[in-house]
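Colleague: These are the residues of each chain, in order.
There are 2 protein chains.
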Amino acid sequence: MTTPDRYLSRAAMGFQESAIRAAGVLSARVPDLVSFAAGSPSPDLFPWDDLERVAADLLRSRDPAVLQYGATRGYRPLVEAIVTRLASAGVAVSHEMCVVTTGSQQGLDLAGRVLLDPGDVVLVELPTYSGAIAAFHNLQAALVGVAQDDDGMNPEALEEALVRLAREGRRARVVYLTPNFQNPSGLLMSLARRRALLAVAARHDLIILEDDPYGSLYFEDSATAADTRPLKADDTEGRVVYLGSISKTLVPGFRVAWLVAPPAIAARVELAKQAADLCSGVFDQRVVHRTLADGIVDRLAPGLRQAYQARRTTMEESLTAALGTRVAWRRPRGGFFLWVRLGDGRQADRLFPIALEHKVSFVTGAAFHVDGGGGDYVRLSFSAPTPARIREGVARLAAAIAHYDDGV
Amino acid sequence: MTTPDRYLSRAAMGFQESAIRAAGVLSARVPDLVSFAAGSPSPDLFPWDDLERVAADLLRSRDPAVLQYGATRGYRPLVEAIVTRLASAGVAVSHEMCVVTTGSQQGLDLAGRVLLDPGDVVLVELPTYSGAIAAFHNLQAALVGVAQDDDGMNPEALEEALVRLAREGRRARVVYLTPNFQNPSGLLMSLARRRALLAVAARHDLIILEDDPYGSLYFEDSATAADTRPLKADDTEGRVVYLGSISKTLVPGFRVAWLVAPPAIAARVELAKQAADLCSGVFDQRVVHRTLADGIVDRLAPGLRQAYQARRTTMEESLTAALGTRVAWRRPRGGFFLWVRLGDGRQADRLFPIALEHKVSFVTGAAFHVDGGGGDYVRLSFSAPTPARIREGVARLAAAIAHYDDGV
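Sequences listed follow chains P and C, in order.
Residue numbers for the first sequence follow my numbering, beginning at 1 and rising by one.
Residue numbers for the second sequence follow my numbering, beginning at 1 and rising by one.
No lab work stands behind these hints: they were computed from the structure.
Only a predicted model underlies this, so the values are computations on that prediction, with no experimental measurement involved.
Just so it is clear, CB atoms sit at the ideal spot from N, CA and C, and this is done for glycine as well.
There are no misleading hints in this set.
Counterexamples of contact, computed for chain C against chain P with all Cβ distances above 10 Å:
1. Thr84
2. Ala161
3. Ala196
4. His204
5. Ala307
6. Glu316
7. Thr325
8. Arg326
9. Pro353
10. Lys359
11. Ala398
12. Tyr404
Just a few of them, taken from the derived set where beta-carbon distance is under 7 Å, the chain C residues facing chain P:
13. Ser9
14. Arg10
15. Trp48
16. Leu51
17. Leu59
18. Arg62
19. Leu67
20. Gly103
21. Asp109
22. Asp117
23. Ala135
24. Ile207
25. Gln274
26. Gly281
27. Val282
28. Asp284
Distance ranges between label pairs, derived from CB positions:
29. Asp151/C <-> Glu168/P: 52 to 60 Å
30. Asp221/P <-> Arg62/C: 26 to 34 Å
31. Ser94/P <-> Asp57/C: 34 to 42 Å
32. Ala301/C <-> Ala87/P: 46 to 54 Å
33. Asp344/P <-> Ala202/C: 55 to 63 Å
34. Arg299/C <-> Arg350/P: 49 to 57 Å
35. Ser61/C <-> Gly14/P: 38 to 46 Å
Sequences and hints are given; from them, build the entire structure.
Modeller: As structure tokens, then:
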């Protein structure tokens with residue numbers, strides 16, 4: 001056998017494993033685990049009956065196009081349904097600006113390939129989504145973190161980073177933002193903050209890559225649809241590339257998401273996609289088209305908001321009951337995540353194996369940081385486990401923390 | 001509006017449009033067109049009843065994993081079914097060597113990302129698959145063509161190219177081969193030729209990227225399964241990366257294919273895929289798993305071989321009847337394509353608009369050449385149209401050629 005390492009590209013030599021996926025592999029070996037690790041939607045909220053009916057209809061139709069190769073841009077009626085959906089969120093776009101992608105992860109990869117050369121700087125939130133870190137890292141981009149406050153990425157901190165980069169002769173090209181219920185922090189960016197960041201981007205000629213998988217999952221006790229207005233809705237200069245998805249609001253097993261960009265960028269994304277996978281799953285797109293066009297996704301949304309809000313509340317109440325003020329978090333107003341500061345010098349990577357012994361898992365905060373920070377945070381997903389399992393998992397987590405504290 | 005061009009990466013500035021897709025866009029405007037352009041399988045050969053039943057079973061099961069996120073490597077029972085299938089083709093591999101991909105096009109892209117740096121040389125057949133050209137080109141690789149004879153890529157020509165490249169101080173890293181019923185030439189590489197090319201690869205320390213979407217579609221009047229033995233079966237040194245797919249042997253609408261590589265390369269491909277689309281369509285994978293495990297794909301194959309052989313014969317007979325010896329081709333022993341030399345100085349790009357006027361389309365030979373050649377060839381796909389439409393399309397093509405000749 002040859003030693004394959006010497007055949008690898010420079011990029012491949014630097015590929016890093018996703019911490020979330022690595023935690024998943026370890027966790028898979030623990031029986032009866034309560035996983036707060038994966039940001040998966042809850043399968044008991046999937047619209048099984050609707051999907052069964054739609055899939056059967058499509059296959060019974062014997063329409064050849066349902067199982068044939070499809071357009072790289074995506075199934076045209078699906079694109080039209082996405083355009084209509086965006087319009088109702090205040091985002092007026094044409095179909096030339098839209099490309100269907102194989103999940104938002106492909107949107108991140110394709111946008112990166114079209115916008116970034118090796119060494120180019122991407123500015124990201126501290127913390128930020130680990131899958132975006134991986135996508136940009138694999139493209140050999142340089143990631144620079146910018147602090148967040150209660151309102152999202154801090155525009156003064158962004159300005160400072162840009163000035164510092166310019167002094168170093170480095171040009172920032174893209175700023176990556178998740179304004180709605182960010183993964184992992186759960187933060188909802190205020191509308192004023194969105195406008196401020198758009199203004200900074202305009203001043204420094206940056207492209208904003210806006211990732212919005214959680215926008216419609218606001219919690220009605222503390223947020224409204226109006227609070228989630230995408231930056232793209234106010235993008236008068238064509239400098240926002242927007243990513244949407246049905247993975248969290250329908251199911252992730254059909255890999256259907258969308259990228260919206262100025263036509264010239266969308267055209268390059270289409271060419272990148274042509275060579276990357278020709279087209280996204282055609283049957284998947286047909287199913288998703290029907291769930292959007294027939295109102296299934298819209299009818300589902302209020303129930304999802306309610307269920308995830310209830311799970312968040314259950315997790316918060318359980319944490320408070322078990323740990324009081326020993327750990328801290330900001331109350332999320334939507335989405336899937338509690339971003340928990342362990343406090344008192346506790347380190348998440350040391351807590352992790354103890355937690356697995358107690359049959360509970362999470363993702364360590366460092367996975368979401370590009371500056372080496374976040375070691376004292378954990379991301380707890382409340383989306384997938386039932387309320388009863390959330391209570392059980394938090395009890396186990398509290399026991400693990402007690403065990404950790406005893407060992408110090 | 002800003003001018004987005006200045007935001008594009010160097011790679012994106014150089015992206016090229018697929019000639020096949022471009023021809024498809026033009027053709028879509030022609031009513032009643034007979035398309036010999038797209039290499040699509042025939043939808044009247046899709047196993048509709050089986051797929052309807054399998055899809056219904058999967059959704060009725062209410063198994064959460066059917067619609068949830070899945071492993072990046074792929075659904076494990078699908079991987080096992082692929083490993084079993086490969087073993088029956090003489091390819092003994094373990095599951096650590098296998099990654100499920102979103103179509104073989106993703107396999108080309110991911111293999112390229114793991115193996116190639118910008119400027120690295122990929123050796124390809126003259127002609128070769130245009131989608132592979134696009135994938136390697138988008139990665140800024142340098143493509144060098146090597147002549148084929150009746151037996152496939154010529155090993156002396158490959159040696160010469162390697163010596164020439166070494167003299168120029170350029171290192172070739174990968175040779176891309178489609179030994180079974182190549183797209184576009186239809187060539188079936190002899191077993192002796194496969195061994196000879198493996199020997200050249202060993203001598204020059206090359207990785208062979210073997211693309212095999214058509215292997216099981218041999219025509220029983222002139223070939224057997226034994227003739228299609230993959231190079232990977234005789235890869236004692238771990239230098240073959242093998243791509244398989246169900247797009248031609250089941251349906252392309254479920255985007256499921258597989259990459260098989262030495263474990264260290266497969267591990268990097270997994271990391272590349274993690275950042276490229278997290279996982280392939282999970283429902284698609286479950287359906288394909290069932291069609292492999294339940295023997296649906298195997299039961300389908302003899303009928304496909306027969307039907308495509310009959311279509312090839314229909315196209316050959318129609319061409320001979322209409323054009324006699326004015327055009328020429330090698331009889332394909334499997335696959336989807338007739339690679340036709342127009343002869344008498346006729347140029348495919350000039351014939352194309354005339355053909356569209358006559359409501360028939362094809363892909364021009366230049367799309368499959370990396371050396372500027374192939375202008376006097378056309379690729380005619382006989383896979384998708386029915387025999388009656390093939391006869392009609394060839395009559396139209398003959399009329400277009402007569403029109404072309406009149407105009408010269």
